[in-house]
Amino acid sequence: MNHEYSILIGGQAGDGIRITGYTIAKLFNKLGYWVFAYNDYQSLIRGGHNFSIVRAADKKIEAHKEKVNIIIAMNQETIEKHSWRLENKKLIIFDSNNVKAEGIGLPLTEIVKNKGLPLVAKNSVALGALASVLDLDFSLIENVIRSSFRRSIDENIAIAKEGYEAAINYKGIFKIPIIHDSQSKFLLSGSEAIGLGAVKAGLKIYVAYPMTPSTPLLHYLASNSDEFKIIVIQPENEIAVIGIAQGAAYAGIRSMVGTSGGGFCLMVEHLSLAGQAEIPILIMIGERPGPAIGLPTYHAQGELFFSIFAGHGEFPRIVASPGDPEEAFYLSAEMLNLAWKFQVPAILLADYSLLESTFSTIIDEEKVIIENPKLWKGEGEYKRYLQTEDGISPLAFPGMEKAIVKSNSYEHDEFGITTEDPELTKQGAEKRIKKSIAIENELKKRKTIKTYGKSKSKIVLITWGSTKGAVAEIAEKYGFNVIQPLYLNPLPIWEIEKHLSKAEKTICIEANSTGQLAKWMKYHGFKIDETILKYDGRPFTIDYLEEKIRKVIY
Amino acid sequence: MSIKIEDLSTYAKNTWCPGCGNFGIERAAKQAFIELINEGKVKREKIVIVTGIGCHGKIADYINVNSFYSLHGRAIAPAIGMKLANPTLNVIAFVGDGDALGEGLEHTIFAAKRNVDITVIVHDNRVYALTTGQFTPTSPKGFRGGSTPKGSPEEPLNPIELMLVSGATFIARAYSANLNHTKEIFKQAILHKGFAFVDVLQPCYTFFDTYKYYGPRVYDLQKDGHDASNWEAALARAREWNYGGEEAKRIPIGLFFKTDKTTYEDIILSGKDLYDKTIPKINRILQKHV
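First to last, the sequence lines map onto chains A and B.
At position 118 of the first sequence the residue is numbered 118 (the working numbering), and the sequence of numbers has no breaks.
Position in the second sequence (from 1) plus 1000 gives the number in the working numbering.
Treat the hints as calculated values from the structure; they're not laboratory data.
These figures come from a predicted structure and were not determined experimentally.
Where is the CB? At the ideal position from N, CA and C, for every residue including glycine.
Just so you know, not all the hints are guaranteed correct.
What the hints assert, rightly or not - Derived BS3-like pairs (lysine-lysine); straight-line CA-CA distance at most 25 Å:
(1) A:K383 <-> B:K1043
(2) A:K502 <-> A:K519
(3) B:K1223 <-> B:K1258
(4) A:K59 <-> B:K1288
(5) B:K1113 <-> A:K383
(6) B:K1046 <-> A:K374
(7) A:K367 <-> B:K1277
(8) A:K30 <-> B:K1277
(9) B:K1013 <-> A:K426
(10) B:K1249 <-> B:K1141
(11) A:K113 <-> A:K100
(12) B:K1258 <-> B:K1113
(13) A:K89 <-> A:K30
(14) A:K458 <-> A:K551
(15) B:K1288 <-> B:K1187
(16) B:K1281 <-> A:K341
(17) A:K229 <-> B:K1281
(18) B:K1187 <-> B:K1046
(19) A:K100 <-> A:K59
(20) A:K90 <-> A:K175
(21) B:K1277 <-> A:K377
(22) B:K1288 <-> A:K402
(23) B:K1288 <-> A:K229
(24) A:K377 <-> A:K60
(25) B:K1288 <-> A:K367
(26) B:K1046 <-> A:K185
(27) A:K402 <-> B:K1046
(28) B:K1043 <-> A:K402
(29) A:K445 <-> A:K431
(30) B:K1187 <-> A:K402
(31) A:K100 <-> A:K81
(32) B:K1249 <-> A:K402
As the list claims (entries may be wrong) - What the simulated footprint calls covered on chain A by chain B, stretch by stretch (three residues with Cβ under 8 Å from a Cβ of chain B suffice, anywhere in the stretch; the number is not a length):
(33) 200 to 206
(34) 246 to 260
(35) 263 to 277
As the list claims (entries may be wrong) - Interface residues of chain A toward chain B, partial, derived using beta-carbon atoms under 7 Å:
(36) L188
(37) G243
(38) E530
Isolated chain B (complex conformation):
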């Protein structure tokens, strides 16, 4: 029996602002889950979404699947723990840009370095919205917010470039207004065996409305002849747009890089089933202590 989008909805009242880019991400995620379930590629009960704190995190309340609503910046470490405990789970971390590139940056880098088989989806609105508009690691230099009335003094971080040098084996960018493209990227990311990172450009209608900025600039890498198996080419494409401002001409979206590598859990577990309930005898070990 196939499932429908209503089956993945909860009774929670949605409190995102009208016009919020999060709606696009939620819709694309639900659609991706439904298609993967109906195609028999993923089981609904195996899906776990893990979120940090920020507007993005509310997605835990809005999608009716297993969820772990964590602390600010702390979605990725628990996601790794779940995958190690039960490698049959499909663990998808929905995180914010301040959340996973600021507060919890170390976990993002190390998850990529380990190539643990989880998916990280960044709701990259380039602003702290839930705290009413401050600059984040990906805000353009000069961003005027509550804490930087004269403009942010920092250059933005380029998460695509960061993931390329950190060892992520699937790196993509999506734009929340391109629903179908975003959904397809999510599906590929979830099915990728290894660490998948998707940076979703997400306008914040209230504090950083970027619809008019992204609309004319985004282009699809896959329609532009990009070879996603080529790391150097991926790096060049990543540097095409540095999360800056008006000067940028083109913003690539789609798959930057994909490669195959042994996963962290395969190495760590090496065949161990942690659900095995038999308790080891320690007597043999104790004899070494006599």
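Just chain A, same shape as in the assembly:
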């Protein structure tokens, strides 16, 4: 990496820190950089301390560092909490009206008050000042504000110009180069990518009850529902969420639900219903630290076992976990297709940092297609649960003239009538097992794992979810091998074993306290030598992980 910069902006909740972080990310993305923007916010509406760290580099990055080059401080707390982070070429831009620090102090509050604007407009002044310091043309700031803000665009541009002028004495003291990259990169959060992927795979109904960190997906789909030709529903609770989605699926419409661990708890009985009645459903779980309410607005990867084992009775399911928005886009689409292909619940396990962070991403909508499920051809009497070789019965939907579609949560015969007959009970269980086998056979034809670093390395790092961002970067630097299973149930052992046959040291890295992936790997017969676990509610950063890995290996 020849060029790499990290900028932290901090202030109170309600100060508009997040949108400013996003705008800075957009600025760098436009300059050709690869960007990763991490948002740290507390579960409150006003007060408290929020910050965003925007890391930009001339190659792909998917994690941030603890250390930064520039701090933009809206309040004194930002200096107190974060000045230790400054390293190398460093600079503080601060609001001289209420912050004491060394660096570029500008009267942000005064500038805003003189214009009669709300205090939140301080961000735009700071943004203008930053552009001066970085030696950027003001037109770029104008452009970025126009495409990021929803309201008061002209006022924000005007006030940013004041900031730009106020810092004119410091113009270019932190000059950054423009990166010439021909690829067009989209700045996407994992939430946005999941929504886009599902829409491209035929999503028509999204149902959710608000719960961090799944709420951004709810907001994104709701605000674009007309363009996406979908409907978005917020019912009374998570039980109704999944019930409504399943009713829609029964009627032939592709539906999806989103929640976090706590909300998924409420959905679990319906998960089992999906298993018995064979209802296709895509469930997005946004992980945050538990148990119970835990840390609502922070990061964890604690729901792997919950996703794999939730629900009473034995039934097939697919669990997959994307690590960045590109994977999120394609996996979300693929999982919706697979849910319908196999008429099973499919759980897309996404962690806080993936859902709430912003990444420079390349995706191609042409690469996603709707894969048609097995449909009834309209011949003879329709049997919803027809026994077939692979366990998958053709689908028909209510409203079709010659079909009577009987869906049943009891054990049932082929037509869908309740049974307690021992032979039919056995056949029902075996139908579900056949589907599990069919799913595994299908996944053998698909991309189920990703690898990074040096494939010949005897040191293999195993990780999942957004933790792979930090792991992959460290592995590239030191020449280790990395395996990231995209699919976690069924675990693609056929792929994983290819990469572990010559491994001398295997290290599992994940954001939980018990090493769930490590245990799941061991359950499947793999040897895991070490684990590196982080469970403080914050994602792995590059510098933190590097130190931990060095301790384990050297």
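Keeping the supplied structure of chain A fixed, place chain B upon it in accordance with the hints.
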């Protein structure tokens, strides 16, 4: 070609107790479906029955139409999903009193609040029968069952009153032994555009035999000059009987309240056809992310 009651029967063996009030509900439902189909008001393939779990739920096995046999208390949310997916369906949820007024009460209230165009028919036997006789939300205070040998300590819930304050736009009560009246109420409920709620008083011959109790007490609201467009009058009639015991003199059945209101699916869908297979291009949206 007109269809007959046999056409709506399945091969499933009926396991309701002899004398069960469910037979009356099943018969009235089948008769209502047949008449609506033969009158050209409803198409058979558009009918979906959704049930919870309890003795009532078996009706899913016994009527030969599309059905979704759901979980205990969870018939109404899937019913809403079906109606949103395909507003041309006639979605009828057959639910129990423990099922839709206990375990899944929130869905009943919110379906009424939304005025989603589905019909909810409560098999209100005022007892958990399939689990061998415990008190439910509508059992009278003092009900002696397996879990309350000294009598239920709770006052019953009045579902008619609850629906009146929750925003239901069609609220009726029927008595399963009055087959023809029940059928007529079902037909009106199914044809009502909006959330229709029918509480069917249903004796449980085995665990709570109320035939002798209801018989002399029920009277038809419509023959008694009740104005179903008057919400206050409906509330007064609803309070005439509070699901109590012997002290009650008269129990009104028939239509309590009916009004017209925009439906939930009309607002939510606002012309969107979810069966439209064209997939939107996202490139224009992606350009906002550059």
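Notebook entry, point to check: Checked against the structure, which of the hints given earlier come out wrong?
Noted result: 5, 8, 15, 19, 22, 24, 26, 32, 38
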